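Novice: Below are the chains, spelled out letter by letter.
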Amino acid sequence: MRKIIKALLNPRKAKLSPDKQVLRGSLDRNISLFKKEIFAGDDTVVYRLFSTNNPNSLRCAVIFIDQMIDRESLMKHVIRPLMKKSIDATQLAGSIDYIVDSVITIDGANVENSLGKIVPNILQGESLLLIDGYSTGVILNTRGWAMRAVEEPQSESVVRGPREGFTEGIMLNLTLLRRKLKTPKLRFHLTKLGQQTKTTVAIAYIDGLASPEILKELNRRLNNTQIDGVLESGYIEEMIKDSPLSPFKTVGHTERPDIIAGKLLEGRIAIFCDGTPFVLTVPFIFQELFQANEDYYKNFLLASFDRIVRYMAFFITTSTPAIYLSLITYHQEMVPTPLLLSISAARDGVPFPTVFEVIAMGLVFEILREGGIRLPTPIGQALSIVGAIVLGDAAATAQLVSAPMIIVIALTAISSFAIPQMLGLTVIIRLIFVIIASFLGLYGYIFAVIGLVLQLTSMRSFGIPYMANMGSLHPQDVKDTMIRAPWWVMYWRPKFLANRNMVRQRKEANR
Amino acid sequence: MKRYIGFLCLLMVTTLGCWNYREVEELGIVSGVGIDKQENTSNYQLAIEIVNIKGGQDGQINHHPVITQGQSMFDSARNTILRTGQRAYWAHATAAVISEDLARDGILSVLDWVSRDAEVRSDIWLFVSSEKDAKSIFLTEPDLNDLVSFKLADMVSAHNSVPKFIPKELWKFKQELSAPGQSPTLPTIRIVENNGQKVPEIWGTAVFRKDKMVGWLDGLESFALSYALPKNAFGLIILPTTIEGKSGVVSYEVFGKTTMHSATFAGNRALMNVQVDLQVGIADLEGITPDYRETTILRMLEEDVSSFIKQEIRQVISRVQQEFKSDIFGFGGVIRQQLPHIWKDLESDWSEEFTKLDVRVAVNTTIRASGLLTAPIQMRD
Amino acid sequence: MKAEVISEQQGISIVLLFILGNALIISIGAQAKSDIWLAVLIAIGMAIPVLTLYARLHYLLPGMDLFDILQYGFGSVIGRITGLIYVWFAFHLGSRVLRNFGEFIITVGLEETPQLLPISILAILCLWCVKEGLEVLGRFSNFFTRFVVIMVLGTSLLLLTEVDFSNLSPFLYHGMAPVTTAAFKILTFPFTETVIFTMVFSNFQKKSSPYKIYLIGLILGGLILFITITNEVLVLGSELYETSYFPGYRAVQRINIRNFIQRLEILAGVTFLISGFVQLSICLLATCKGLAKVLNFDDYRFIVTPTTFLMVTMSILIYNSIIEMNRWAVEIWPVYAAPFQLGIPVVLWLACELKMKLKGEYPA
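Residue numbers (our numbering), protein chains in the order written: chain A, 1 to 511; chain B, 1001 to 1381; chain C, 2001 to 2364.
Since the hints were made in silico from the structure, they are not lab data.
The structure presented is a predicted model; accordingly, all values stated were derived computationally and were not measured.
Beta carbons are placed, not taken as given, at the ideal position from N, Cα and C, and that holds for glycine.
Keep in mind that a hint or two might mislead.
[Claimed, not checked] Pulled from the structure, derived: some chain A residues nowhere near chain B, Cβ distances all over 12 Å:
1) 29
2) 327
3) 334
4) 424
[Stated by the list, open to error] Coverage of chain A stretches by chain C, computed from C-beta distances (three or more under 8 Å per stretch; other residues unrestricted):
5) 448-455
6) 458-470
Could you put the whole structure together from the sequences, leaning on the hints where they help?
Specialist: Pasting the structure below:
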């Protein structure tokens, strides 16, 4: 079924199927093969025809795609030697290998005659050298295109810590990681994903730390993905994640090489994807949502405090609206009298029921946030001013919403920024909490919390329980969850991950 | 699983109705209630003070009690809807004032609903009105933006400094009512003039036997009562004193007070010991200048205080024993705890036995401070 | 299907929460009056040998749950019949727990809400949990234990200002008889209700795990129960403790520190809901597992849904009112539960020991 649809969508491709074809002996026929059939109508493909110098001039052609190659190296190392050097006709007889061995000086050159291999390489920025009379061509490694420089990632800025971030080029990204982990045990496995995009995907892990079972499972899932295009690692993430319907992410992502290095050292596996600075890590468990790389660079007391603050922020951002709602519509007896009176006074004259107020204000805030994200900075500021004045002040003065509600929403919003990893997620949780709380008050809220924890405890990421360590009271497990213990007591790697090689450091060495 | 969540949502939507969902501004938040018997009927009449805030953000509190009647407490409470359109919300009520008539008839019928209903909290303060009815308390005029009930609650929270009444929360009252060898008391409220305004004042104590009120103690007797009870009480002790031929008034401020009740076995009768330890400071000297740096004078002053308190306590104990025959001191409970075998004999007829109980009072006073002055202010020509 | 192994920490958490469950909120052992603390301690003491016996059954026959053990000990037919009776026991207990929940929520908070709604929501959550299996429940309990313990001990701590030690004296005023009766009642509810775990647990990490799980769970749970109940009596006095449906709730109401930390009743509700959820899930799991075992099904998961809805119906039908419910819990339950919790297990244990000795299958 799938195949038929594909064939209908791409009739030409189905008819031609370049995988099966091979190069011919004649240069003209080969060129016309590319011009008329494979790259028909594509004006970005360049065909450079030239002849070798002596003793007998051979007609040659280089085929490449404009701007995808490094023209300088093509000119210096391929075209110039061919035109300038004298080529021994006897050596050349029969095989093109002589050219590769002795004439052209470029570092990467493969002899190939199957179009199925040649075409993808041209599409990735390599060049094809054809010589008249030979039915094989040479694929030249001339890749080179404009790329963004290594910069500090905008989505994860730090006060203290390295300022470099991944870029869109996978090879550079792998280099960035390699520079941090100078061990021969660091392994990269390259594969290609996507029938059309042929995106390079690299699995990186440290041999001996990463669990072979997880590696096997990851490879199985990657091999099972059938998708036409992978434009961002998000595609892979959704294809391989556990509990695909859950809003919680079970695959981590980051733009920072230091984070990836740290995760690999804990025994995790990273997945690089060409064309995006976002690198995935598996397995990913709940506690990682609350970790930041800076935790590991600064004083452990401050880091632990920050972490506790993040957990609190999670609680506040998901629960305040629901708790506020249930307190003032169900459990008025639990609010201290003066507070209740002032809330009652503030609510007096507000036309909407509290539930509606909570949901509507929450939505308005989400719209503001969503609107602000993709706007240029100056307009974004204007937006926030409008939001603050229109919502914060005018709406309260006009008695459209009550003032306590604005405080609640503002608190919720601020807290949600303390855990940027969960920005979208908290909205969903909050909404569910509010809706159930509007039926059963705080009891409903507790039911919802039980449901949430059930959902979390039933999830797994690559076989690892999602809530691993969260309930444990064992000191070694607590060290990196609620708090960040000082480095000199983190003797072991997380035991649920790297149970083959637990020792992170020797006790005696630091004492 | 998703199916069940869907089912759940369906259940919620189809059975829709937010049963207990109540917007806070729709509640008539009750701050206090005066409970009377309606004249010539057996009906109850409640004066319910409802906090009525109007005017949005900087609103004002409107002071007006709602008067309702009904055949039972609950009935009268529900009838507020007929008068105000709001359902009374009782969880924030701080004060309940009960009229003397009701208290004399038996307070249990009033308290049953109050403690059975989940909405009324058990930390509500109970009072007995010493005016003709309870309603009149709520018809006094508190300051602007204040309510009688909140005013009463403020007075209660500061009562330690003026122990002329013994505040009682509902649960405490019930506990005393149900505890063996203990009778409850409630503070009483009277109306006094202040600058031409009528304001409520908590002063004195209503003494109960079982759930029926049997008599009053005035403010000064209540003062002695709070010294006789094992609870915190501070306040001032004002004593006319004569030293070296001169007489004047000395005021002492009490810093610390401990009262210990203990039961001993003397002969074949139980004997109660009330041991009071006082720590006081000299707060005010008027008319005399005793040189309290002298140990003898200091001892004398201490002795003065001790004998005064002792006498007051004895007086109130004997009055309660003779007149009211109600063990508001909890002596029976002490005997039950400390001499359980004796209690078994006394238990059946405790209210009679109580009147015959021997009580020994001992007071020990220490003057600990004298304010900022090391000696009386010196006068020289 | 893969056998569900439970770790020691998770097992202890489940037992702990199970013991606290309803007992935290409902008045138990009230007839001991001011000596209730002693009754709790005696009950813990009596529960230790009983729970050791349960653990012994697991130890003797690893990888088996109660229904397998019954069939091993009593033979296939009688084993199945007793198994069926135990299924009823778990089912009935689950319905009772569910009803207690409903009554609690309706009485203290949402008096106008139909009881069916909170009950069904809770039941559906349990249904979900049971479908996920014992391991998830273990992780769930492990996660919540610390919160429950902190909340229970925290409220006890906050109540210290309200404590009146004269509420505990005189010691043994009514003699030892009411204390022992109360102790027996506390033994059957909640301590030896843990018999239900024998129906649920079958695989452990280590061979000695069952002893650890039962005994540490019992002692921790008993200790917390002891602290709370003593605290409640200290605060409320034994008279009020006896006349309240939910003394735990009443006591927490009393918290008032400087007019700031006050009105914390909902905390009592939270702990009750969470531990009750665990209790209910265990009952439901036991019922379903038992049914599957007795009727020879491979998997219990497909009967969870009908069982849950039956349990909801049962919980509504089981009592007419909270008054009846309270009477059942206080008067009838101990007598009704004793054979399930004490009688049959003892006989079963003897039968198993004998059989193993005869067959020479004694574990090393």
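Novice: Now tell me if each hint is right for this structure.
Specialist: Evaluated hints:
no.	hint	result
1	29	holds, 59 Å
2	327	violated, 9 Å
3	334	violated, 8 Å
4	424	holds, 20 Å
5	448-455	holds (count 4)
6	458-470	holds (count 4)
This entry does not satisfy hints 2, 3, going by the numbered hints stated previously.
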